[in-house]
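> The residues making up each chain are set out below.
Protein chains: 2
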Amino acid sequence: MAAAKGLADAAVRVTVVDRRNHHLFQPLLYQVATAGLNPADIAHPIRSILASQANARVLLGEIVGIDPETATVSLDDGTDIGFDYLVVAAGTSHSYFGNDGWEAHAPGLKTIEDALEVRRRVLLAFERAERSDDPTERQADLTFVVVGGGPTGVETAGAIAEIAFKTLTREFRVIDPSTATVILLEGTDRVLGAYPESLSKKALRQLRELGVDVRLGVMVTGIDDASVETTAGPIAARTAIWAAGNEASPLAAMLGGGTDRSGRVTVGSDLSVDGNRRIFAIGDIAHVVSNGSEVPGVAQGAIQGGAHVARAIRADLSGQPRRDFHYRNKGELATIGRSSAVGTIGRLRLSGWIAWMAWWSVHIFFLIDFRSRLVVLFSWAWSYVTFQRGARLITGPWRPQRPSGDS
Amino acid sequence: MAAAKGLADAAVRVTVVDRRNHHLFQPLLYQVATAGLNPADIAHPIRSILASQANARVLLGEIVGIDPETATVSLDDGTDIGFDYLVVAAGTSHSYFGNDGWEAHAPGLKTIEDALEVRRRVLLAFERAERSDDPTERQADLTFVVVGGGPTGVETAGAIAEIAFKTLTREFRVIDPSTATVILLEGTDRVLGAYPESLSKKALRQLRELGVDVRLGVMVTGIDDASVETTAGPIAARTAIWAAGNEASPLAAMLGGGTDRSGRVTVGSDLSVDGNRRIFAIGDIAHVVSNGSEVPGVAQGAIQGGAHVARAIRADLSGQPRRDFHYRNKGELATIGRSSAVGTIGRLRLSGWIAWMAWWSVHIFFLIDFRSRLVVLFSWAWSYVTFQRGARLITGPWRPQRPSGDS
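Chains U and D, in that order, are what the protein sequence lines are. Anchor point for the first sequence: position 42 equals 42 in the numbering used here, and the numbering is continuous, going up by one each time. Anchor point for the second sequence: position 385 equals 385 in the numbering used here, and the numbering is continuous, going up by one each time.
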């Protein structure tokens, strides 16, 4: 999106191909998974974002092949599209480290559908427990395991703890939701490993205050529908959520350049693929080094990369040399349940309530950009005045064929 | 819900069994199907509605059997629940008049999942057309057929016309969404057959002004994924929506009383099933006669019926005679696209803008009751203060089993 928008008034034709009709603001996906936000609050139709950009067209489709030699991408319906420049920003999917069977028992959080499936499982677990007669079963129903102590894992565990310990109290007659156990497993010795160590400690303390059972230095060795096996023994749990590993989109391997061990494309200082100045990779599909260190796979890295690529293409068009990409870390914030967070903004290290306020402000700001959260506030009125609609998402399994009897 | 709430301070224990965790405000479902509202805006967790009613418990489950002799209902997990009184309000599902194969090609509108499927198909149709090279295919993609000219059909056709003719303009580069065809088929000689004839005429005119191609006296004889066959010839259309027929829930046949030809339970003047004062049927699962005429299957009939049943049970408890149910028609309103509607309120007949304002006010009022629309306005702030969450719905296929590998 940033690359397409950055080319708005350039003398180029832009084609955006996506297999979803919506652009997703992923940092708030855990809020959908934990029933705090509606899908439409954090996703917006790509077509609508680019409606007024006359040089851009949008195709709903899946790319199944990229040929760097002939400069062609192939879509699922057999269409080929030639390009002068290709910008690949297809991101990552979950990696279960070779144990793909775990996915069915521990969905990850990358798409709206993932988030709705997690929401469904978390809410159903309490309902099953309410109907169960067997205390052992009931405890397994009320045990939630989140695998991975990065921002997604920390935020998801915190939000599930809120649901169990705050939202659902007084709504059940048989079970007491506050007897639920929320376990966060992290293989290393601290949560939020990418943050300064002092903030990891604060996050750990805040999670424990919230009632989350954080277990550090514990690796998962197996997951089925009744338990999570770990290096520290089994946990009887019927709901598990995967927030542990990512691997690059398969498109990464089609670009003709090198890849790192996560399958990410290695790119040069201008973000183009090794040996091919016409193909760029940005966001977390790319292994980007800036100012001597690796750029983290977060939204701001992708947005800055997209803007850089638009500038590089413009430079080519006007015969100027391309500049090097310099990542500017504006800070990072992770919430820990209600009214608490940790993070950095510039050189500041924040924690507790003030970090939470900062998190809230930053995300509200981004959601305004998505015409989302604050627009939801007036969406009916707004709908009436502008003819726009707030929930224009195509969700459900990607179906390249025409609708038939399979639904 | 109305019956359960009406028993709030009675000396009874109330068990609400539903296979969904949410109560749905069905009159606005077409708004979800047409991307105007989020699912959570029109649905609310049953558990949350009854949280403060100490004598009520909620079970998420499907009823698979009712034995009037032993006064027992059986749930899908094998549990039996005995009752002193049973109130059945299981509603209706679509009827394809024996052509169940049509359902895959023309989904109806009863549940959140139905609405999301319709939304998905309508939005995908434009995307397919944008990618198509074949003008004939493209026209079939841009043809939408709504079957049935009752309120749901009229409102859905109007909303699809709005999407095509207003919302999507300027977003596509190949197709012009305003060349779409929206066809409303009605078998009788007028739309909104339950309304006064003068209002049917006004509705017809308003629909046509909006660009809906209304075809009266036309019956559907076949539907597949490429066309709708009718008594007036075939229509090449890849998207069809069914708003034509309903049949009562299968629970109706288990109550030991009589049923009418739609399968609805015939009930006495106190809303109890013939010959069994302990079993009541309310809402559109019941064939109710009040003041000499049949009570329509609309929300206000169900709500009034539920309140009546609560009063009848209270009367029994205090040794008083039960009173007869008298339906009070407060009016009915159907919107026709943007800023237009027809309907009655008491003896008033309204149409055009004033009817639309009335429709809007009435539905906003009901949504306040569901903590929905206006609460959405402040839902983040509200969430923070009250610990409640606005989107706590379990959607997706009803799955009575524990989660396993099938997702």
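Warning: the hint list may mix true and false statements.
Any copy will do: because identical chains look the same in the list, a pair fits if it lies in one copy or spans two.
Mimicking SDA-like on lysine to any residue, the simulated pairs with C-alpha atoms at most 20 Å apart in a straight line are [to be verified]: (1) LYS166 with GLU62; (2) LYS166 with ALA51; (3) LYS201 with GLU113; (4) LYS166 with LEU75; (5) LYS5 with ARG170; (6) LYS5 with GLU171; (7) LYS166 with GLU294; (8) LYS201 with GLU247; (9) LYS166 with SER48; (10) LYS110 with SER178.
Derived by calculation from the structure, the hints in this document are not laboratory data. Source: prediction; values computed, not measured.
> Going through the numbered hints above, which ones does this structure break? Give me the numbers in ascending order.
1, 3, 4, 7, 8, 10
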